[in-house]
Amino acid sequence: MSRYTSATDSDRRAMLEAIGVESLEDLFVDIPADVRLGRDLEIPPGMSELEVTEHLGALAARNRDAESEVTFLGAGMYDHYVPALVDSITQRSEFLTPYTPYQPEISQGGLQVMFEFQTAISELTGLPVSNASMYEGPSSVASAGYLAKLENGRSKLIASRGVHPHSRETLATYSRGFGSQVQEIPLDESGATDLEALAAAIDDDTSAVFLQQPNFLGTVEDLGPLVEAAKRTGALVVCACDPLTLGILKPPGDYGVDVAVGEGQTLGNRLDFGGPSFGFYAAAERYIRKMPGRIAGETVDVDGKRGFVLTLQTREQHIRREKATHNICTSQALNALAGIVYLAWLGRRGIVELGELMARRTHYAREALGLEAINPGAVVREFAVRVPDLDEFMQSARADGVNPGYRLGQDYPEYADGLLVAVTERRTRADIDRLARHATGVREGVTA
Amino acid sequence: MSPSEVIGFAPGGEETVTIYERSQSGRRAFVPPPLDVPETPLSELIPASERRAEPPALPEVSEPEIVRHFNNLSKKNFDLDTGFYPLGSCTMKHNPKVNERVAALAGHARLHPAQEAKYAQGALELMFRLQGALAEVAGLPHVSLQPSAGSHGELAGLLLTRAYHDDRGDKRTKVLTPDTAHGTNPATVRMAGYEVVKVGTAEDGGVDLDDLRAKADEEVACLMLTNPNTLGLFDRNITEIARIVHEVGATLYYDGANLNAVMGISRPGDMGFDIVHYNLHKTFSQPHGGGGPGSGPIAVSDRIEPYLPRPQIVEVDSGNGAAPVYDLDFVRPKSIGRLRGFQGNFGVFVRSYAYICSLGGDGLREASDMAVLNANYLRARLAEPGLAEHLPIAFDRACMHEFVVSGTGAKRNLGVKTLDIAKRLLDHRVHPPTVYFPLLVDEAMLIEPTETEPKERLDGFVDALRAVLEEAAEDPQIAQGAPYTTPVRRLDEAGAARRPVVRQPPAGQEPPGDPDDARQVTTGKV
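Chains as they are written, first to last, in the working numbering: chain A, 1 to 448; chain B, 1 to 526.
Check each hint, because a few of them may be wrong.
[Unchecked claim] DSSO-like, lysine-lysine: derived pairs with alpha carbons at most 27 Å apart:
1. K215/B <-> K198/B
2. K156/A <-> K334/B
3. K323/A <-> K198/B
No lab work stands behind these hints, which were simulated from the structure alone.
Just chain B, with the same shape it has in the complex (with noise of 0.2 Å):
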């Protein structure tokens, strides 16, 4: 097969053009409402010293032109409405519609955040019956719905790690994360101003019990734990683990990229976890937008409570019957304050929340059923002949919602790395997996297919993958070139981080040119 002869991704249109550079001067969308109040000179509202002298170098289009033009972008974008996502760790489930019209309603889309609670009972009724769903499927008693992403809720765990130890007078410096952990959890140890100590993972792909009992002494804050991890391994010896960091006086912190293995069947809660954050826009069906809008709630045992963020939304019994009111209670003195403004992520809480209805206690076991069954059915797929000796299961055992394989065979028989699979794959319409991480396995491909696949899907992965290593088998140069069907080829990304542009250059300006003029192309990790 030559190398263009597969489907490949849809083109690209036109010519790559900024939005700056269709800009002419004189061109419009914008026409402003009409001016109903004296026609004062700005002159005389603000002074010299404070107003601007030009006006921005914003595009001048038509809106004909601006539709165009963003229509078009849009077409060089792969997205989960299209096509099969097996990345990793990000569980691109489906994205219901029902849930796009229900928040765009006016009474959530322009229902003013700093609204009083009476004239907001709905979207506060709606935020308590969310956070008792989440709860229930955390199994922990006490919901913040504030923080922005998971990252967030990240922060807000340690910081809420950290409340609680200064409230019993305990300076502690350290947080545990094991070797497979997210890159965030690291990050996050540090903003939020403790050291680093990282626990090994044992040969069964759990973490490794002794160092944990090495590590964990009263200087340690915390244990960060994804649960199953990053290899899609549910901890066998969590109960364990639990009690070994519970010994030593630290919390107990679930990572919740991976919850989508677990609901209605094990809950964080029940395994000894003290803190828990979700990801709304992984489990809970929010899109992912390209980057965001995410949304990272926490949920907490009783002894972490006194330290939630605030606000906090309160059921308040009005008596005689009625119906409950909802209202934000601000009077929290232990509280470790606000993550942000107001009240959170609300338009995501309402995609969730439609989710949670639609699906309900059932539906959400079963989705995590079949995020499992898929994801076992494709690792045994993957176990063919043909495929196992080029890209050999890293664990290979039941599985979780994903599973990695390790890209090693296929470098060392056919001479093509992961990164040059991943890119051949793009020419058969398929978005790669998560590709060198978890950093544990070398040439790692984490796949998680999620429960919203059909069978036929994730057949047609495992038919694409075995093109491509038959393909490298008869000519590895093919994969090591591609892809050659996408709107552009592999791009240089070491140029790029050299001579970084990252604006349009002002009108006159050139960018700045590259220090050395060898552009080479990055063929390094992604």
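So that you can see chain A by itself, here it is in the shape it has in the complex (with noise of 0.2 Å):
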């Protein structure tokens, strides 16, 4: 049943004879016998919305989410907490249901909304472009492989093994169809980008060269000299890096990269799984006619008015078609508003003290658990650990009602012991001694 159409029999019947015809099947006359269904959908019979509640519901019952344990996961998503206000406001009308704002005149909201997420963008990165969001973090830093190609032709792309795994993965699935291939760097002893590979790796055919900032151990890497040697040859450089961090750590545009990117699901975004969220996309100067996605403008209307309107079109899909710099359409602007409104929360000071809440964290967390660190320098939110016995680890904490993170091995074969542990700032001090006393249990295990 469709209860979300309105037309009553007679609402039916006096449509057919303005249209002038018999019936529906009228209407169909263009699709030829051959390739009609003919037959029912196999699918089961509408419901009730008390079911379709109920059914969901159970559904979601068999999910064991941030709220029925105490999670360390995070390996590129993290539960932070997001604030009552992104949901009064991104489940406005005005917002939810508009469609990209084609028409600028009605649309000022929208706009506004793209052009204060940019700016924050461009604050948090240190790069003066911004687009207004991109579908997700990997696909952005894929995107920007494509940059590197229509800029400088060339066809190698080069990624620390800190970039996170989908990421890379992605980069490639991507490469394969512009013709670029994509090699990787590893990882140092004290888990960051190993920079004498990297030099060695840099050559007159490199388009591009991948960081990450914390990278996916969570490592803060010493950029400037990565950086310097990535430029060597005239490749560019793209940062991957999480906005939340960066209230406290250097804009990647600092370092003089030519492109950051990102996942912004750690502001004000759901987990759900893995999306929505939003991907963000800054640039140096040069690249504003280049870049991919809508970017909001300032503007003036007839009569002097200040107004915002999509600009650059001429980069875009629906204008330039195969001249298009990218083919991004639909992007993600509720999530985008989701990170400007969540960024206005936390405001210009929040950013740095979240920061230093989560590096402080984070740092007692490595300190209390008391195991061989992969990364024993500097993190933020994330690090990683290696578990002489994991599987009992985890069953133990797990039986406890503690998710202990994230296992390596199933990206890294060279830390198949090792367990990748997220404190957000909802994870007390309570919870990390939680954690620890499992910990105990293995470390104690071994030494017996």
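Using the hints, build the complex out of the two chains.
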């Protein structure tokens, strides 16, 4: 049953009569008989709203979400607190239900939100030009690879193994289309990108170099020398970063990177089992006419009144078609709205305070666990340790309602016994101590 | 009628002030949780070379003023919950409220994407069931939910095509797209490393078969097609098109932007398509959010299946009559790999699955029936005298879920362009149709009412169009200067592009000056 339509039988008759046909069937004359379905769809009959709620509720109840366990899972998406005003604002019909702002006169709200979002991303990344969102993190990384291809035509992409494994894999997927190859640079003994290996890999065919700050293991990379080495032959430098750490970490733009991209989930977006969140994409001025995606710009109307429009659209698919700099169309406007509302809530001082809290708790947690650190240097929200009996540790913590983190072995054979532990502001010292008690068991088991 | 006598748009409220301009040093909304670990100075934790010297210039605003700021901004938006939105090829159908409620359940919203499969059975089962329903609608057996939007699905489709040909040692260089295609099609072709070859449109609005035969050769990897196409017409020769494409060994790709016309009536798989993308934010009721989030799952035939992105969701029979379990399958040696992080836009899957549960198979069919009925009713009403001479229908026969009119009549008879009519409609609180697309039709307006609009809304739209045209007959300058009642009027787009101001200037810096200081209001295409 389609309860979202409203044509009564008499409406239908009146409409068919106005059209001048006898029946609905007459409207489908163009569809040849041999491609008609000719039967009902094998999809169960419709449900009442109550039944839908109960059915979806029952499915949701079979998931162990971050409300029903103490989770130290991170690996690219994090259990941060989302303030109530984000939900309140993003659920407003005026933000939730419009289309892309093709008619700027009646879309000033959305366009100004984009402008404010771009400003915040520029400010955080230290790069002057930002678009108004990408799909999410890894595909933004891959899109920067395409920009490099358009820019210099070279075909080698170099990615640190500190870049998120999903980003590296997505980059490789995209690259097979536009004709580049990805070469990976190992991490050194401190869990940071191996500078010598990077320097040795750079050659005249290097199109772009991909780094991540903090890297996938949580290591705060010493970016200066890496960027310098990467630029030796004129390759673009792309830095994936976590915007929520940029209250305390130096902006990637200050190191001279060309493009900063990343996953925006940490800014006011739910975990949602992986999406929707948003990706961001900021770049140096000279890429403004080659960037992907929507960009809002400030202007005035015929009366001289301040306003905003989608600008530089000659980069985009709906105007330029095969000459567009990317194919992206619908992106993640509502999630970017959550991002800018969250950043306004956090504010200039809050983003520093939250960063400091995370850094302190994360360093505390690494101490408290007392396990061998894969990355013993600076970290902000996440760190990696070797766990002597990882299975037992996972089981013991799990039985206590604690999810200890992400098993690195699934992406890094070199860290088969590795565990990646994330500490957001939601994880208190008591939570950390609870996790540490299970680590004590593993440590003693080994020494005994 | 004077320019501002119509009902008009809700006033925008205050002057345009950005959140940064509301900032006052010392104000705040956020209070951090208490520090319960040692207060080690940050300088001991992070080396100076990696530390930020000055806090980022984010705004400093109290919570009440943040709420007011964004609520006032929202009032400058037109939205589907408020009024008619006949935007062609966008399927602006009602976004059911129950979908938002179930998506917000903690079991969905706070589920970590790296949660082990055994603790995410509800989510994986939901995705598996959604895949099944989507496969049934498309008539193709294998689905990946991973792509994030339609254009991402298109990229997936062409990368699958490339992997399929490569696997057979078959090097191909070209992809065919009709001249009526969405802009994303040719843009995607380039990203996937192929050359775009355009195929013409025949007199009847379908693919020009002679042109297709001439261009379909062994170098063609794929034909990307929308059916019904962007003229709102179902291509009567679809079986022959599929035959021509397959005969040269190419794949046939279905751009699912217009799937809302044919659910339960005709299936792309049965038409001969190899790869289909869906727009869950069009056909399956995900709210468009002012430009996303979307979701662009794909469905493929058996021969394309080995190359699907990983991970794939699999149902595992647990034996002994017990309920099946669901898992993520990463071991797919021929896979094109990932297209993004984790499993896709799951929150969108929840909404679209709830939508499919609400409607059921019969309801989906009814949705398409009503979408087509509504479009044809509007088409018939626009053929009435007083309208038809100004806005002739481009292809005057039964349409599917949308149709195109041409503003050439109005331009010639009344001196107002399609853009002027669109802008004047804004003063009637109607979102204009898609304008100047498809490119094939001069002064085009692509009109898609969707199934969720009652007859009165359609009649109201006809009345508004008629009022705009009658007014233009008396004084075309009114439409040429429209809109009048919106929060801003026509904006200087050329100036914005020439002198891009794409962020709030940092404190103490002025925006860049206009090179020639002569601002001109764009009157061309939108």
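Would you check the hint for K156/A and K334/B, treating anything up to 27 Å between C-alpha atoms as holding?
holds, 22 Å
With the threshold set at 27 Å, check whether the alpha-carbon distance from K323/A to K198/B stays at or below it.
This hinted pair holds, its Cα atoms lying about 14 Å apart.
Does K198/B lie within 27 Å of K215/B when you go C-alpha to C-alpha?
holds, 9 Å
Violation of the numbered hints given earlier is absent; every hint is satisfied by the structure.
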